[in-house]
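Asker: For reference, the chains in residue letters:
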Amino acid sequence: MPADLDQLAACAWRIRRLALRMGEVQGQGYVGQALGYADVLAVAYGHALQLKPDDPHWEGRDRFLLSHGHYAIAHYAALIEAGIIPEIELETYGSDDSRLPMSGMASYTPGMEMSGGSLGHGLVIAVGMALGLRHKRNPAFVYNSMSDGELDEGSTWEAAMAAAHHGLGNLVCLVDINNQQADGPSSKVLGFEPLAEKWAAFGWHVQRVDGNDLPAVLDSFNAARALEEPMPRVILFDTLMGKGVPFLEQREKNHFIRVDPPEWQQALQVLDRTQPEGAPA
Amino acid sequence: MSAVADKKPKLTTSAMIASIASEGQRVKAAPFGKALVEYAASRPEVVGLSADLAKYTDLHLFAQAYPERFFQMGMAEQLLMGAAGGLAKEGLVPFATTYAVFGTRRAYDFIHQVIAEENLNVKICCALPGLTTGYGPSHQATEDLAMMRAIPGLTIVDPCDALDIEQAVPQIAERKGPVYMRLLRGQVPLVLDEVPGYRFELGKAKMLCEGADVLVISSGILTMRALEVAQDLAKDRIGVAVLHSPTIKPLDEAAIVEAVRYQHRLVVVAENHSVVGGLGEAVAATLLRHRVQPAGFQLAGLPDAFLDAGALPTLHDRYGISREALGARIKGWLG
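If you read the sequences in order, they're chains C and F.
full-length UniProt numbering applies: residue 1 is where the first sequence begins, and numbers increase by one.
full-length UniProt numbering applies: residue 1 is where the second sequence begins, and numbers increase by one.
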């Protein structure tokens, strides 16, 4: 388990690169999210999660639920980085009969714990899994990863109440706050602030950090894990869509990015200029 | 007392908790809760969840017997189904209970996506099926079978009485994959113990009595009504056969085809559900696909309408599923 920041930075860079390459396969996709969330995924898969890459169903593993199934491209990149799926499969992304469909599904992909995509499902499932793990006296953690748009869904708050009521200290919720959803900025679609106060009022241990500040992300994962109180933990990550590729960061409509073929190469070149030392592509 | 008050007609009313049992009918209390407690004694993986209706789905008996295996989810049906899915992912066998309207209408996406799409081992047991409460459409689950039949791979059970329920519980528990069961709770009628040799078998329809003029294919409490109607019509020398099909999906097509083919009798499908999308349409499609032409075919289900609030006996009469009303409908169809 490397907690070394240089290694994690390299991991995040590779996740971005893998995601861009998958986006190139289809010419479009949720690339902005993948770039923005890469630092969080790097810490999750490069440091926090207890996993056995060659045994994705190992009973002792930490469960990572991708509630926002449309982040599949980002998750596949992390699963490739973690050694759970081979890099060669990247070229099949979104193609017929691929194990890597456009939206994440448990029955298709090793390491994918749920079929996401219908939003607001992850946290309710996570409550059941956390109850189940505790019932079995299995010390593993459940990490539910979700988007800020899923804060609109009532089920998210049903689960938030239940997790606190049942004292689920083995549950960590990760929220990617990039302030972008299908119809525009999340804050304009359905305002959800003040978010930290809301989760705290629901009985959760709350941290809010810059999701692109790698040391801060690392610290937040460690703090969530180390907390001894029997209460669920949430980490609110403010992230920047398209992070790492400036011309994508500035794109106005970057919820679902369509990129012209030459632009993919351009994006990769821009990203490659930020290649951390000692990080082979 | 004033003269006006004296002239007021006595109004018929019905509490929501009204029993579906007729007066004087033999009943068994809480067959689901008791059967689950008994089954779970040797099955530590069985857990129970409720959405603030444990007492009204007889799951409170399970909660009392195994408090560490009972999870209260509050009045939150999306959470109920999602968490049941999560527990199943961890190898447990969750029985999730609430009312049928809330479980199906409110949490459909969670049953569809979390539970059924991943073929998780969740048993969804929902009380107040069809027209078993007078509380109006908010509580009357007259469309649940239509909705649930549309979900691929979901097993659906509509038991008739206490015997069906207590025999169904271990069988649905042992069936790998998701099951939706319509639940009769509280004082539940007991009638099938009078049918010689009857046993609930998941996936099987059973001929309960024979008759040359009419074949009633039924599920749920309408099988009980059909048996009563068979007795009544026998007095008029009308022979009524009753084929009980408590498994709605997968449907016992072989038994249905066998019962209809080569027999020149009116086929009536009786169900405690809207005529849209329930057992009736499933049977009709089955017969057409097998090129079996009955002498006549009628649906004795609930109308495609939002039903009235009121007393259950009144409503069963009004919508044609009481003993008298069903008998009259069948006689009318016979001409």
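Hints may be right or wrong, so weigh each one.
Derived CB-CB ranges, DEER-like [stated by the list, open to error]: (1) C/ASP97 x F/ARG175: 28 to 38 Å; (2) C/HIS165 x F/PRO250: 51 to 61 Å; (3) F/ARG43 x C/ARG251: 48 to 58 Å.
It should be emphasised that the hints constitute simulated quantities derived from the structure, not laboratory data.
Bear in mind that the values here come from a model prediction, so they are computed numbers and not experimental data.
From the three backbone atoms N, C-alpha and C, an ideal C-beta is built for every residue, glycine too.
Asker: Using the Cβ atoms, figure out if C/HIS165 sits within 51 to 61 Å of F/PRO250.
Answerer: 38 Å, violated
Asker: Does the Cβ-Cβ separation between C/ASP97 and F/ARG175 fall within 28 to 38 Å?
Answerer: Since C/ASP97 and F/ARG175 have Cβ atoms about 30 Å apart, the given range 28 to 38 Å holds.
Asker: Return holds or violated for the Cβ distance of F/ARG43 and C/ARG251 against the range 48 to 58 Å.
Answerer: Holds - the Cβ-Cβ distance for F/ARG43 and C/ARG251, about 55 Å, lies within 48 to 58 Å.
Against the hints set out earlier in the document, a violation occurs for number 2 only.
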